[in-house]
Amino acid sequence: MLDLVALILLFPLIGTAVNGLAGKRMRKETVGYIACGAIGLSFLVSILVFCGLLLLPPEGRLFEKHLFVWIESGSFRSLAALQVDPLSTVMILTVSGVGFLIHVYSIGYMHHDKGYHRYFCYLNLFTFSMLLLVLSNNFLLMFIGWEAVGLCSYLLIGFWFEKKSASNAAKKAFVVNRVGDFGFALGVMLIFLIFHSIDFTEVFSAASHGNFETGNFAITMITLLLFMGATGKSAQIPLYTWLPDAMEGPTPVSALIHAATMVTAGVYMIARCNVLYMLSPFTMTVVASIGAATALFAASIGLVQNDIKRVLAYSTISQLGYMFLACGVGAFTAGVFHLMTHAFFKALLFLGAGSVIHALSGEQDIRKMGALKSHIPTTYKTFLVGTIAIAGIPPFAGFFSKDEILLEAFVRGNFIYWSIGAIAALFTAFYMFRLLFMTFYGESRVDHHTMEHLHESPGNMTLPLIALAGLSFVGGFLGIPGASAINHFLSPVFGGHTHAEIAGTELAGHSGHHGAWLPYLMMVVSTAIAIAGIFLAYQMYIKKPDLPKKLTDRFRFIHKLLLNKYYVDEIYDALFVNPTKKISVKILWKGVDVRIIDGSVNGIARLVGGLSNVLRLLQTGYIRNYAFYIVVGCIFIVVLAVFGK
Amino acid sequence: MITITHYLVLSAILFTVGVIGVLIRRNAIIIFMCIELMLNAVNLSFVACAHYLNSMQGQLFVFFTMTVAAAEAAVGLAIIVAVFRNKETVNIDDINIMKW
Amino acid sequence: MDSRKGELIRITTLLVSIVVFVLSLPLYFNFNAHAYEMQFVEKLPWIPSFGIHYHVGIDGISLFLILLTTFLMPVSILASWHITKHIKEYMIAMLVLETGMVGVFASLDLFLFYVYWELMLIPMYLLIGIWGGPRRIYAAVKFFIYTMTGSVFMLLAIIALYFLNHRATGEYTFNLLEFYRLELSFAVQFWLFLAFAFAFAIKVPMFPFHTWLPDAHVEAPTAGSVILAGVLLKMGTYGFVRFCLPLFPEASHVFIPVISWMAIVGIIYGALVSMVQDDLKKLVAYSSVSHLGFVMLGIFAFNIQGIEGGITQMINHGLSTGALFLVVGMLYERRHTRMIADFGGLTKRMPVFATLFLIITLSSIGLPGLNGFVGEFLILLGAFRSRILYASIATSGIILAAVYMLWMFQRVMFHEIIHEENKTLKDVSKREFAILIPLIMIIFWIGIYPNPFLRKMDASVNHLLKQTGEKAQTVSNLQTQNTAVIPKIDIVSETKAEW
Amino acid sequence: MTPVSIMTFNILSILPILILSGFGMIVLFVDIFSSRRWGEKNLLAYVSLLGVVLAAIFGRSPTGTTLFSFNETFTIDNYSLFFNFIFLLSTGLTILISHSYIRREEINHGEYYALILFSTIGMMLMASGADLLSIYIGLEVMSVSIYILTGFKRSKLISNEASLKYFLLGAFATGFLLYGISLIYGSTGAINLKQIASFIAGRGGIPDPVLLMGMGLIIIGLGFKVASVPFHTWVPDVYEGAPTAITAFMSVGPKAAGFAAFLRIFMTAFGSTHGEWQKIIYVLAILTMTIGNVIAIAQTNIKRMLAYSSIAHAGYLLIALVAANNMGISGTLFYLLAYTFMNIGAFAIVIVLSRKGDECLQINDYAGLGFKHPFLAIAMTLFMFSMAGVPPMAGFVGKFYIFSAAIKSGYIGLAVIGVINSVISVYYYLRITVIMYMKEPTRDFHPLTISPLIVVAIIISMIGTLHLGIFPSKVMEIAQQATLILK
Amino acid sequence: MSEYLFYIVAAITVTTAVYLIFEKNPVFGALYLIQTMVSLAVLYILLEAQFVAAVQIIVYAGAIMVLFLFVIMLLNLDIKEEARNALPFQRIPAILMGIALFTVICIVIRSKLLQGKQDQYTTAYVQSIGNTKLIGNLLFTDYLLPFEITSILLFVAAIGAIMLAKRKL
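Residue numbers (my numbering), protein chains in the order written: chain A, 1 to 645; chain B, 1 to 100; chain C, 1 to 499; chain D, 1 to 487; chain E, 1 to 169.
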């Protein structure tokens, strides 16, 4: 069954090719069926592969499928080979599963769009790339997927290319990702330099067999560089700025790429390289700190945003921060677990948001919504599920995963990580419910024209919503403390470092001084935090609708700062973008190139030409003059001949 | 005692005078005459050397030089005449169409 | 000239070039990948009194450059269909150009090499000068003189080698393979390397010798730009690989920092300047400076990855940048402008074109899965293995590449259509499609399955490294001593022969 | 008893000279007896051509040996035979290109051809002369003929002026040459080159000041003929003013003859004092190349431009003289032959394009020629690229040869300056092609009347330029054999 | 005796030569040159070159210079001819250059001269045969070829003079 793994990649690729080459001439339905079918089949194969993997003993759950030698040069060798292990299985299931739902949803959502086939072509290509990313067995092949998902993200963000903001956002996404890729590429090279191989198995076994002491400089550099790539792809400080802008793309794209799958590539990558990361405490600290900082930072921006998708975008960044926090403290399983639950509920939220937007004919500003609860009930209900899930109310999925991260942060990390996480959790609950309240409750601020067209989304959009709502509800039980299925499943990947040892029942023994009561206390605390957030939102947006305005007036500066996202984009522009452009134009092009280099080349030519015009004046046309030159030459020659020893 | 050096110095003087004449005169014919003067200076040097070397080659050379001078004179004067026909002058400073 | 006759000339030339391409294919298939020796060697006496032979042959390094040449030629001729002025002369120039280019890559006799090297200047000069844009004369003359300036020094160096070889072996020959065996003192190597490198650096072009390139590219007709970018620039990098490294190994080693820094500056500088251009062709031209910087960096990494990457990147650059010029040419044919500001929103009118353009753009950016990545990665890997710092700085070039290419693509293809003229543009014609598709197919091929290419060059590159490495070791002490001091010209006494 | 030395009288050795002088006379007679009308004077050209061809055929003698005749005043060796070939070639080509030109300019006289043939005799004597007297007489025969030919367009002031300038300056320079010879005679007691050489050798190769000064003065006289800076100043003016066909002739024949004498005197007589004169030639070579090339850039008249180009080429040839190895000498021979083809070819084009009263000499007049008269333009392009030294034309091989010689003798600096100059020269040679192909015509070309003879000349030049460029081997070997004599 | 003669004749020669280059009237200039040549002929006799001396007077001073005079008079040149002076500034440098040249020559000829092999034609030997006869012998033996070529030269000069100067062809 495992041999089928290549098919997982093949189906989306076929879908891409068919839709890309012939999509224009096919009926829209056909295009949609092909695209969904491709992903659906891929999902089915993924399940088969998963089953195949389960049949193997836990320690032997590693299967590699060699396709062909991709690049070979000297000792450098990169195979086109796929690797199936628990981690990648989790990923392919999530990607193809959530992906399938979003494909289905898109059929309805994009139905009226002119670039229908193009859309599905890109979407399929994306799924292919993401699957390649998670299935690859070496760093370079992973890098292909890594970049290819970036490309698809670029294409899909800029899907409505006629909008200037969309194409700008697309370019920004690609370029910022490239900055991260810069690190990634260097990381890969450094890996090759240190390990003489870029195969996961070889690198990790070399690393885990004690050839490198903890804190090894090279390993630290490798991990830092790889993490740089992760900050780009997973939108962490300082490279997160592209993600909010990426909301210019169609909403299902935001759901799939910028919430559920692609942005988690960084987390996946770090989880994949956990062996290396564990060897570098410094990097781990960096990862955790950046994760924590991002979680808080993005959440704080999310507090005041008014665009429904932007709120979700910042929420995504914040949640990704959590995942990195988890990885950073060594709780990779927690990170991956959160990755998975997040995929469910964030996809759900985005799709819900899409449904809202769809209903409101494209309106995205939550200040112009309100009281939609009764108009689009299915959307509302599912959205509510998602909101609760992300806010961390038990027993929804988000609760388990987030709680686990906070617990780990506290246990393995320190109090600061935990408190930052907790504050971010508070914020999360607050802004998510603020979003919910402003959209679905209170008075309607929808204008009349839009109101007339208000309608619930068609079945092919609501069904995925319901499915995802279901997953958001039950997904958490995979990692329920004490009987964590996902811990067990992933433990071969994360080896001795898995948190299975400390989670659940074994926790007490491992971290004795905290006592066995700690996890439960944590659960209570985090639930309390979530409820506090919700309460706050309720107070501000349902009970006292004029309170936000007062607060805004009161803390004008902070509000403005948050509303403008700490001016980070502007700072980046002023620090990097504009000076680069200015230097390029004024100094490099017009100065160095035109003036100095070209100028000196032409200057030499002009000099010779000028010299020519001067020297030709010697040719006066007077015979006596010429005779004079001869005499001068004569004296010169004679003197040189006779005395020139 | 008159040595070869005397003759050669005299020859040098004549040659130099001829050169200076070429450089400062403007009448084409006079310039030509100055050139003839230079040739004469050379002839003197040839004959003097021949004498002191007990050699005949110098004298022979002078004979040829004179023949050449005659030929040159014929051609040169013809050229000057041709120029004069067209330009009504033999001042070489006026004969200056082509330059630079 | 009536149009039927013109059509006949075009078709004939196209057929000729296709036949040449087909005939060149056996080179690939019959090439023995395990042998480093020159293959398909032809050696006939040409000027025996000087020991000059018509001596050609190929190895894994030149194989692909020849194939690239013969491949790009039909493409360029197909792209010249719109030429109506003096078709016959144009086509003759193209074919002569092809002769020169193939000759350069195949020559194993340095005299022959130089002859081809210069020969190919003339048709290119005429192509730019006669069929070029408004400033074509300036560009053509600059191109010619600039290139010539470099190459005359190479000529002197070739002559010097000739005499040095004679002094060492007593044999008068221009045979490159004989020269490979020469043991030259460091000082001699130093100066000869400089002379060769000057010629090649201008051709590459390396920063700061690049200024002829933007002018020539901008003014040349589309096919001219394609050939220029696709093949001519490769002569420079090829020259480094074929001559500088194996002939002057110690000097090459000493020059690693200089060349590498020039390459790095070229990478970044080219990218930055390219970014702010408002003329499409100029943008692509400066991007070539950047791309070729990578190639040079790879070559001077002195390891197998670097050099194989360099060679791969030569091919890639030929394909991608050639294709970019073709694309720009297609736009120019439609709108008669190359200003980026005159476009915008073309995707809406020309979706197929947009797709092809995008693929080419991405290939130029070096997106994994397309050809550009393979070369760039290997180069950087090679460079990284030799000097981490260089590779790290150079890698930032891949960020900039994304910036300038995508920004350009965005401004040309995205947004609303602002200009009225752009609203009636036609999508790619069948001919244009036929021009681009082969390129794109190879772009994908190299990107996805580059190994057949790399395998064929393995043996040759290994041999090259062995030559460079072994020779370098013998005088390895020298380089450390001489890095700072420029050796005095004692070449005089070394070459001076008895009368 | 009168001592009468026994003469090595070998009439065959001067057969070409005899043939040429004979045909010179015949042409004059034909002229007298032919009709006064211009149209029937075609015969003159054919008769003189016949003379040249016959001279070329009978001028051959067994190679590999040196034959002295006329009591060692005349040498027949491979060296002089090679030069004779160059002279006859340039004479023949000049006659071919003159035919239509002198008819158009209405100077179609028998004297024209006769003088060309006589001046060729002078050149041959310069190449073959074994003593300074013969060389001097040869030089005068050549020069006087050309003084006259320069002024052959009697009614044109420009031609008169050229003639006067050439004559006065030529005579002036000859004065220096003669003075030099007299000093050498005074110092060595000999005017025979071999005797001079043995005298110097007898003194251990250390020359005394008088000899050195004589040598310097000879350099002036011959430098004037080969147009070396600073004795080049007549060249542009005279080239511009002379009838174009004569300009062509002047730029190849006398230059070759000058180098023939230069090489023979300096290699045979002063070969052992190489170190003394090479430094002078070194400086002259640099000056000549540089000034010739640099000033050529600013020229607008094509004849003047070619004049400066001719100066520059003299500079390259002087490099070979500095190198003074057998490669340099054979390179000189090769180069001169190549130069004959390309330069006469270029002038042939100039002649074809000019019309009576409208000489069409401005370079800008060539605009648009490229596609109006493709054959002429291609030919011109070929000659220009050849002169610029672009392979695969003859000029390239010549330059290659000369720079090789310089490097072989260790004159790297000179070679570097040489190649830089050759790059500068590319600019103005290229300009012609630029104007021909890349500029729109500024004037209309009247239907040209192209005589078949000149087309033959152009084709011969083209073939020569290409053949020497692509298959130089044979000629190189001959040139190399020719130089063995001098050593 | 001959010493004094030498100095006197040399003085005359130099004086007339200097007069030549400063004389305004070309006719007088020609006459001065004739005088110079005649003086040189005297010196030739002092040097025992009688034939050359004779030719000097007959051909040079006689024929050639008369041709000059003839042309000067034909063209009716007068003093005004040199009115225009385009290069007045060249005068002083020219004279300085002349002096420099003279100085160099003098320095050179101060050194050893006549190092060459002494030939057989001593005064006694020449007188025994006769100067003219010897020259004739040599001309028709050793220097036959140049001598014959000279005829071509003269022929060329004749043609040229006619070509260039004849009023109507």
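The set of hints was computed from the structure by calculation and includes no laboratory data.
Accuracy of the hints is not assured; some may be wrong.
For lysine-lysine, the following DSS-like pairs were computed, each having C-alpha atoms within a straight-line distance of at most 27 Å [claimed, not checked]:
id: 1; chain 1: C; residue 1: K88; chain 2: A; residue 2: K164
id: 2; chain 1: C; residue 1: K426; chain 2: A; residue 2: K114
id: 3; chain 1: C; residue 1: K426; chain 2: A; residue 2: K164
Far from chain D, by Cβ distances over 10 Å, these chain C residues were calculated [unchecked claim]:
id: 4; residue: L15
id: 5; residue: A33
id: 6; residue: H86
id: 7; residue: F111
id: 8; residue: L119
id: 9; residue: T149
id: 10; residue: F163
id: 11; residue: R334
All figures in this text were calculated on a predicted structure; none of them were measured in a lab.
Don't be surprised by glycine CBs; every beta carbon is placed ideally from N, CA and C.
Evaluated hints:
1. C/K88 <-> A/K164: violated, 46 Å
2. C/K426 <-> A/K114: Within the cut-off at roughly 19 Å; holds.
3. C/K426 <-> A/K164: Roughly 23 Å separates the two Cα atoms, so the pair holds.
4. L15: At roughly 24 Å from the nearest Cβ of chain D, C/L15 sits farther out than 10 Å, so the non-interface label holds.
5. A33: Holds, because the least Cβ-Cβ distance between C/A33 and chain D comes to about 34 Å, which exceeds 10 Å.
6. H86: violated, 6 Å
7. F111: The claim breaks: C/F111 does not keep its Cβ more than 10 Å from every Cβ of chain D (closest is about 8 Å).
8. L119: Incorrect as stated: the minimum Cβ-Cβ distance to chain D is 6 Å, not above 10 Å.
9. T149: violated, 5 Å
10. F163: violated, 6 Å
11. R334: Since the minimum Cβ distance to chain D is about 26 Å, C/R334 lies beyond 10 Å and the statement holds.
Of the numbered hints stated above, those contradicted by the structure are hints 1, 6, 7, 8, 9, 10, listed in ascending order.
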